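Visitor: The residues making up each chain are set out below.
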Amino acid sequence: MDPRAITAEPQARRPDTVPGLGRSLDSQEMVINMGPQHPSTHGVLRLELVVDGEIVVDVIPHIGYLHRCFEKHCEHMTSYQQVIPYADRLDYVAAMSNELGYVVGVERLLGIKVPERVEYIRVIMAEFSRIVSHLIAIGTYGMDIGAFTPFLYCMRDREHVLDIFERTCGARLLYNYMWVGGLSHDVPPDFQESVRRFCRYFKPNVKELNDLLSYNKIFVERTANVGVLPAAVAVNYAVSGPALRGSGVHWDLRRDDPYSIYDRFEFDIPVGLGLKGTVGDCWDRYMVRVHEMEQSVRIIEQAVEQLPPGDVQSAIPKRIRPNAGELYARTETPKGELGYYIVSDGTASPFRVKVKAPSFVNLSALPAMCRGAMISDVVAILGSIDIVLGEVDR
Amino acid sequence: MNAPEICTALKERFADAIPEAKTDNVLQPSINVVPGTIKEVALFLRDDERMKFDLLMCLSGMDYTGGKLGVVYHLDSTVLKHKITLKVQLPTDSPHVESVEEIWKTANWHEREAFDLFGIIFDHHPDLRRILMPDDWDGHPLRKDFQVPEYYNGMKVPY
Chain Z
1 MDPRAITAEP QARRPDTVPG LGRSLDSQEM VINMGPQHPS THGVLRLELV
51 VDGEIVVDVI PHIGYLHRCF EKHCEHMTSY QQVIPYADRL DYVAAMSNEL
101 GYVVGVERLL GIKVPERVEY IRVIMAEFSR IVSHLIAIGT YGMDIGAFTP
151 FLYCMRDREH VLDIFERTCG ARLLYNYMWV GGLSHDVPPD FQESVRRFCR
201 YFKPNVKELN DLLSYNKIFV ERTANVGVLP AAVAVNYAVS GPALRGSGVH
251 WDLRRDDPYS IYDRFEFDIP VGLGLKGTVG DCWDRYMVRV HEMEQSVRII
301 EQAVEQLPPG DVQSAIPKRI RPNAGELYAR TETPKGELGY YIVSDGTASP
351 FRVKVKAPSF VNLSALPAMC RGAMISDVVA ILGSIDIVLG EVDR
Chain Y
1001 MNAPEICTAL KERFADAIPE AKTDNVLQPS INVVPGTIKE VALFLRDDER
1051 MKFDLLMCLS GMDYTGGKLG VVYHLDSTVL KHKITLKVQL PTDSPHVESV
1101 EEIWKTANWH EREAFDLFGI IFDHHPDLRR ILMPDDWDGH PLRKDFQVPE
1151 YYNGMKVPY
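Protein chains in written order, with my numbering: chain Z, 1 to 394; chain Y, 1001 to 1159.
Calculated from the structure, these hints are not laboratory results. These figures come from a predicted structure and were not determined experimentally. Ideal Cβ positions, reconstructed from N, Cα and C, are used throughout, including at glycine. Treat the hints with caution; some may be incorrect.
Rough simulated footprint, nothing fancy, chain Z against chain Y, three-plus residues with beta-carbon under 8 Å [stated by the list, open to error]: (1) 1067-1081; (2) 1130-1138.
Computed list of lysine to aspartate or glutamate pairs in DMTMM-like fashion (alpha-carbon distance at most 25 Å, straight line) [to be verified]: (3) K72/Z <-> D1135/Y; (4) K1022/Y <-> D257/Z; (5) K1022/Y <-> D345/Z; (6) K113/Z <-> D1024/Y; (7) K1083/Y <-> D257/Z; (8) K1081/Y <-> D345/Z.
Can you make the complete structure from the sequences, with help from the hints?
Guide: This is how it looks when you write it as C-alpha cells:
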C-alpha cells in the first residue's frame, strides 16, 4: 500500500468559469496572518493562511510563543515531586488531569499502590476538571461563532466546581493537589454533600445549554459539515480525545487502557454520529463534549457514593528514587491522550520527561481540516478542536 | 500479540535490523532498530495483518550522553490493542535518521520538535524547521551539554 494513500487530502475548490465571463478569473493566492493576537486563536497562536479569495488553500500554524521548556525544567528539578506544579501549567484549564497523568506515571515507575480513598478522590477531581475544561471549550466556542450568552452560563457553572476545588486545596486554577503516592489535603467534611448538590444542580443545565446553543439553528449552520475529519485520517494524525471521538472512533483510554480505578465505573463513550451533517464535522466534536460532561457527572455520582474512609497521605514515599527504567504513561485528559514518557536513571530527578500533549498533536491536524474551507470556517474549526496553548508550547 | 512475539516476527522479516531487544521483565518492552531501516520496519508494523500499529502515540528525541542521541517511537494498535516501543540510536556527530512522516502524519510535528530541541536530522522530512524555539536560536536546548547563551539578539539573558 502506498504510505500516503491513507491521508489523501481534499483540494481547494476553485470555480472553473465565472458566469457571464466564460473563463476563470485570473487570481493569485494571498497570505494572511491570523494571530498571534487574535481573539479566536485562544492564546498566542499564529496561523499563516494561504487564501484564494475566500477559500483557504493552506494553513501553516506557527507555535512556540509560550514555550518555557517544561522538559528541561523537569531534568533540573531536585525531585520528582517538584515537577507537579509545572505539570499544572501545561493545560491550565484542566490542571487536575495533568497532575493525575504525571503521578500515575511516577507511581507505576516506583511500583507503589495508593490507598483506595486517594484513587476515588483523584477520579472525582479529574472528572470535575473534565467538566470545567469542556465548559470553557463550549462557552468560548459559542463566543467564536457569535453566541455570547452561553459563555456566561458556562462560566457560572464552572464557578461551582472551582468552589469545590478551592475548599479542598485552597487554589482555584493551579492546584499542586495530587502528589506522588497521595494528595496534599484530604477533602473537607461536607465534600460529599457539596458534590451531590453540584450534580443535582448541573444536570438540568446541560439540557438548558442544548436548547440555547447545541440545537440553535445559526450555530448548527456554522458548524455542521464544516471541517470534516475522516476517522482514518484522524488516527493517522494521532488525534485524540473529543476530536477523535467526534470522527466516530470508539477510543477512550479510560476504557481502552484503564488507569487508576476507571474500570470500576459505568459510563458510556459518546462518539460523533453525524446527526446534523457528516460524521467528524465541527458539530460532532462539539456535541461529544456536551455528552462527555453528562458522563463525567455519572462517574462522579458513582465515585462519591463509594468514597471509602482512610488516610490520604499514608502512602507518600519519603524519598522518590525509582530504579533505572522508563515508562510511557498515558491518561485521558479533557483534550485527549496526555502521555508522559519518563526516563529514570536511578537518581532523585528524572533523566528525561517528554510530554505528548494532546493539543499539540490535535493542532497538527488543523491544516488537513481547513484545506478547502472558507476563512470564517477556520475560526469554527480551530474552536472545535479546543487547544490550550500552554500545552501546545510547553 | 505480546512483545516477544512481535520481536520474533520482526527478526524473521528484518534479520539484520534488530540488534537488541528488551522484552522480558521490564515495564516497557522495547526493540532497538538500525537507523537506516526504521522506515521499512515502521511501514511493516503499520500494514502487516498481525501488527496493525496504526497509532504513533509519541515520538521522543533523547540525549543518552556519551556521544549518543536517540529517537523513541511509542506505537499502539487501536484495532488489535497491543503496544510496542521502537528505539533508534544515533551518533551525536552525525544524527541522521529516516523520517516516518509518510507513514504516520503525526510524526511531522514530533520530528520537527526533536530536530529543534535535540538537533536530530530526519532525512526526507517535508518541512524540517524549528517549531518551538525562535528561528534564529543557536544550539539545541534539550541536549545535556547545552549552555544557556549569555546574550540573545544583543539582550542579556538574566539567568
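Visitor: Does the alpha-carbon distance linking K1022/Y and D345/Z stay inside the 25 Å limit?
Guide: Holds: K1022/Y and D345/Z sit about 17 Å apart, inside 25 Å.
Visitor: Would the pair K72/Z and D1135/Y pass a check requiring their Cα atoms to be no farther apart than 25 Å?
Guide: 19 Å, holds
Visitor: Counting residues of the region 1130-1138 of chain Y with a beta carbon closer than 8 Å to any beta carbon of chain Z, are there 3 or more?
Guide: With 5 residues closer than 8 Å to chain Z, the region 1130-1138 of chain Y meets the three-residue bar; holds.
Visitor: Check, residue by residue, whether the region 1067-1081 of chain Y contains three or more positions whose beta-carbon lies closer than 8 Å to a beta-carbon of chain Z, and give the verdict.
Guide: holds (count 4)
Visitor: Taking 25 Å as the top limit, are the C-alpha atoms of K1083/Y and D257/Z close enough?
Guide: 11 Å, holds
Visitor: Take the C-alpha atoms of K113/Z and D1024/Y, compute the straight-line distance between them, and say whether it is at most 25 Å.
Guide: Given that 25 Å is the threshold and the Cα spacing comes to 22 Å, the pair holds.
Visitor: Starting from K1081/Y, check that the Cα of D345/Z is at most 25 Å away, please.
Guide: 29 Å, violated
Visitor: Compare the distance between the alpha carbons of K1022/Y and D257/Z with 25 Å, and conclude whether the hinted pair is satisfied.
Guide: Between K1022/Y and D257/Z the Cα gap is close to 22 Å, so the pair holds against 25 Å.
Comparing the model with each earlier hint shows a violation of hint 8 alone; every other hint is respected.
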